[in-house]
Amino acid sequence: DQQVKQNSPSLSVQEGRISILNCDYTNSMFDYFLWYKKYPAEGPTFLISISSIKDKNEDGRFTVFLNKSAKHLSLHIVPSQPGDSAVYFCAAKKTSYDKVIFGPGTSLSVIP
Amino acid sequence: EPEVTQTPSHQVTQMGQEVILRCVPISNHLYFYWYRQILGQKVEFLVSFYNNEISEKSEIFDDQFSVERPDGSNFTLKIRSTKLEDSAMYFCASKDRSYGYTFGSGTRLTVV
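Sequence order for the protein chains is A and B. Residue 42 in our numbering sits at position 59 of the first sequence; the count goes up by one each step and never skips. Residue 83 in our numbering sits at position 80 of the second sequence; the count goes up by one each step and never skips.
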């Protein structure tokens, strides 16, 4: 039962260009969406989030877009830097107190 | 910046043995979680804990698993009789009343 899907297991982008990571979800009860970044042998690190009442949230080089009707969100990183190379997990939850459900992750490689 | 601390970073155990994974959440956080990630797979929810009791658990969290907050600071995950398929990275997370979790860096459990 994959409630949060990330259909691209990997993505390679040239340094300085835009990285776009996509995520789809199936549960219309999800109210809050998060992106986490994970390096090998480390725990997931919170990156950026968006609540369902918004369609865009921006934090520096990172922007998350939410299309509720399509049950789709995306993370844009611009400009991409080699240090952005990591696995990016899309995640969702129903309420503030609910568990976070993770997607399978997309491995981003930013090539210098 | 406050962090979630997990010990040990790596635990090797014989199949059938009991293991206890330890976590020190952020001190003013109220909600506590365990997740795991089997190599190459997604991060999976195990259990959430609030007000000294389990608030939700997944189907993975069977009778072999238990959690405890014995002294108000530590949060432990016990696996009573480990199986080979319990080998994974185990992540503890905690949060306050906001949406975001803070994850620890994980314990790599290897069952041999």
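Treat the hints as calculated values from the structure; they're not laboratory data. For each residue, glycine too, the CB sits at the ideal point set by N, CA and C. Among the clues, some could well be false.
Stated by the list, open to error - Here are some of the chain B residues that sit facing chain A, going by a computed Cβ distance under 8 Å:
#, residue
1, Tyr34
2, Phe68
3, Arg100
To see whether the hints hold, each was checked on the structure:
1. Tyr34: Constraint on B/Tyr34 satisfied, holds at 7 Å.
2. Phe68: violated, 15 Å
3. Arg100: Since chain A brings a Cβ to about 7 Å from B/Arg100, closer than 8 Å, the hint holds.
Hint compliance for this structure: hint 2 alone is broken.
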